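Please model the complete structure; the sequences and the hints are all you need to start from.
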Amino acid sequence: MRLGDIGDKLRQIARTAREVLYGMTTYEWVQGTKRERAEVENLFLLISFGDLVGLPILPPYYTLRLLPYVVPAINRWKRSLLRERDWTDLTDLIEGID
Amino acid sequence: MNSILVLIIAAVAVVVGYGWYARRIDRDVIQPDAKKATPAKMYMDGVDFTPASRNVLFGYQFKSIAALGPITGPIIAVQWGWFPAMLWIILGTFFIGWVQDYGAMMMGVRRDGDSMGALSYKLVSPRARTILMIFLYFYLLLIMGSFGNAVGKTLMTNPKVPLGMIMVVLMGILAGQMTYKWRKDIILTTVVTVVLTFVGIWLSTTKPVADFFTGLYGLPESPVWFLGNTRAQVIGTLLVIIFCYFGSVMPIWSFAQPINYISFWIVSLGVLGGILGMIIWRPGMGDFPAFTKFTTASGPLWPMLFVTIACGAISGWHSLVSTSGTARQLEAETDALPVGGGAMFLEMVFATVAFLTATVAFGGLKGYQDAGGAAKALAVFSGGLANFLSHIGIPKEFGTAYGSVFLTIMALTIMQLCVRFMRVASAELLGEQMPVMKNVHIGTIVALILTLIFVWVIPWLTIWSAFGAANQLMAGLALMLVALWAMSEGRKHTWALYPAGFMIITTFAALLYLAYDNFFVKLPKAATPQAGIASVLVGIIALVLVVAASFLIYDGWKALRKPREKQAPAKA
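Just so you know, the sequences run in chain order A and B. Under the numbering used here, the residues of the first sequence are numbered 1 to 98, in order. Under the numbering used here, the residues of the second sequence are numbered 99 to 670, in order.
Among the clues, some could well be false.
[Said to hold, decoys possible] Partial selection, computed: residues in chain B whose CB lies under 8 Å from chain A:
1. Gly144
2. Phe160
3. Ala523
4. Lys660
Think of the hints as simulated: they come from the structure by calculation, not from any bench. No experiment lies behind these values; they were computed from the predicted model shown. Yeah, the Cβ is synthetic: ideal placement off N, Cα and C, and Gly gets one too.
Right, dumping it as structure tokens:
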């Protein structure tokens, strides 16, 4: 095995270890933050573009000006908002229970 | 038997179990396709459905499934002797544990990221989803009771523990502030908060601090205050309840998450130090018997051993994490085995280390019993860990306090999230009929009052068995779902069906035993009203779970017959 190969292998091991450690430590924290942000975004979209999911809201002029910026997020938002949920979906609130 | 030999046996089980059996099922039966789009890619929303690297998910899955369960179960189970406990940890994981975790994950991936509730509804019956909710609620209530009991009434009554626990909480809050408000680097935040936590744990072993809590608790002979609980136990449990209250009502970023983060470092450094100390020391089991007797304080070996060690061999909770959490983040189907199966086999090793703290760290059975035995499993672990740590130069006094804080914080991080979940669940369930339940504080207080009843009234070993049974019923249901899903796809399904049958029959028997033992043995002998209430409570819970499990078995049987009836040739 060449010295370069050993170096590559070591780098790969270090990357794997770093990723596993990230998964064990801050990943959950990051996910939680993303979830909080998504909830606020969902709420904002609901009050400004609720008619897209059947909520009878007449979009005001300023809301319509936001439309081009909101278009990329519409699919994600509708999927997230209309997805059926039950208690078992809430289990991600309590990871690491066992 | 020597500890190193036990570790080698566990390593062989991993190599054969994961490298041969699990890979064979994955390759020949499930046949994952690396090119097939997973729910994480199809429904990517940047939050629940997000593709992540298999290494990251492996770490996430392991951290999600390995907490106090794999530590406590084996320490209680060695009361039947080391051999049955070790055998169940290894064979349970080999034939059942990874099957459930991996099977549930693949099922989630192939069924569009459906959660366990939706899968029960679709694959078994609408009633199965309701039954799963019943299992889940009791599971959470019992976990609160058992962990609250172990921490509040055992660990926290040690005057050298409370300050360490308070320091972890304060450092967690500081970590939240440093990260979100002051935007400090995570490495700096980690170093500052973890070092200060260790300073706090050391301070808690100093004389003035220990004297303060000794006086507060009225030790050494702490007077009985309430329902047979001593002043130390009442104060200890109230500290736990206060912590859980804040964990439930405070924003998750400012309290629960950063405390979880700090506790990860405290716990993993302790585990690594303990393993290192054990490898240097290489102790044997001494006179610890391979088998003690068939019936112990927890009941007969079959079925009670199989619900006593849940996490570490097979745990129903993992199926919820695998479906609602990890299955929605897998980048490729081929990642399911290393993530789901791999994390479960690593948990088996973790459970083996906990098993060794009970069997080798005290030199034999008498040492284990003197340290507290099954009735004080967490005290056994902290004492055993201190013995291991002493072989890398850490004083035993500090090691015991460290082990106790480590376990306390491990339990508390789970309990605060359970209360949070119970608060949300009760608001969802009762919010329409009782709007007051939607109030964050009321929902939390109701959950905490229920917890206090369980903690103050029910003995630890009894509550642990009931908790294990609720958990294993979820495992039986999850395995049944995996078998049904494999059948629905026309794949071989016996690898999941036989484990499902074993788990359901065993857990059903355990619940019947618990109901019988509490109503017909313990209740007539109850010396105090408190003991009587405890027997009635556990008996009722066992009966409710028996009834729910009966419906589940009936619905499951009907669902299993359905695909066969479809396949059967039409009658002439």
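Evaluated hints:
no., hint, result
1, Gly144, "holds, 6 Å"
2, Phe160, "holds, 7 Å"
3, Ala523, "holds, 6 Å"
4, Lys660, "violated, 23 Å"
Checked against the numbered hints given earlier, this structure breaks only hint 4.
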